[in-house]
Amino acid sequence: MHLAQLNVAHLRAPIDAPELATFVELLEPINDLADSAPGFVWRLKESDEDPTATVVHEYGDHLLVNFSVWDSIENLWNFVYRSAHLGVLRRRREWFLRMAQPYTVMWWVPEGVVPTLAEAMVRLDHLKAVGSSPAAFTFQEPYDSNEAANLPAAAEVRK
1 MHLAQLNVAH LRAPIDAPEL ATFVELLEPI NDLADSAPGF VWRLKESDED PTATVVHEYG
61 DHLLVNFSVW DSIENLWNFV YRSAHLGVLR RRREWFLRMA QPYTVMWWVP EGVVPTLAEA
121 MVRLDHLKAV GSSPAAFTFQ EPYDSNEAAN LPAAAEVRK
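Heads up, the sequence shown is in full-length UniProt numbering, so the first residue is 1 and it goes up one at a time.
Wrong hints could be hidden among the right ones.
As the list claims (entries may be wrong) - Calculated cross-link-like contacts (lysine to any residue; reagent style SDA-like; alpha-carbon spacing at most 20 Å): (1) K128 <-> Q101; (2) K45 <-> N66; (3) K128 <-> M99; (4) K45 <-> P14; (5) K128 <-> P102; (6) K128 <-> A100.
These are calculated hints, taken from the structure and not from any lab test.
Kindly produce the complete structure, drawing on both the sequences and the hints.
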């Protein structure tokens, strides 16, 4: 099984605003770091031609989306907290609003499956409504892929 992860963030301003210039400058090097990190499988890209293009979801104003698949929770953890990504993460308050609700979710997918953004948003909504479970969890309360093996499809997760 592979680990899908989604995190969303509300930008403090439009992506092309001067106060987000440093964040935008960091996108390409951090995305390159992710793409070459051990365990990286896939990530959603707005554009193959423009590596700094960001995925902004219609779910809300200035909602930035980061959506990827990894081969293990350990490799995702190492990228997030043990690479240059951590320096950018520590500066997130400069660019993003604080979110009261969960803004990140993980779940297991069969190898070779690329989940959809719609499924990812369902998983995040499930986490908000039900809390951590094998269907939708966080680093703070992770679940093993074996616990997710017989879970329903994302469309049924909300029920």
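Going down the list of hints, with the structure as the test:
1. K128 <-> Q101: Roughly 7 Å separates the two Cα atoms, so the pair holds.
2. K45 <-> N66: holds (9 Å)
3. K128 <-> M99: Status holds; Cα separation ~12 Å.
4. K45 <-> P14: Distance of about 18 Å is within 20 Å: holds.
5. K128 <-> P102: holds (6 Å)
6. K128 <-> A100: holds (10 Å)
Of the numbered hints stated above, none is contradicted by the structure.
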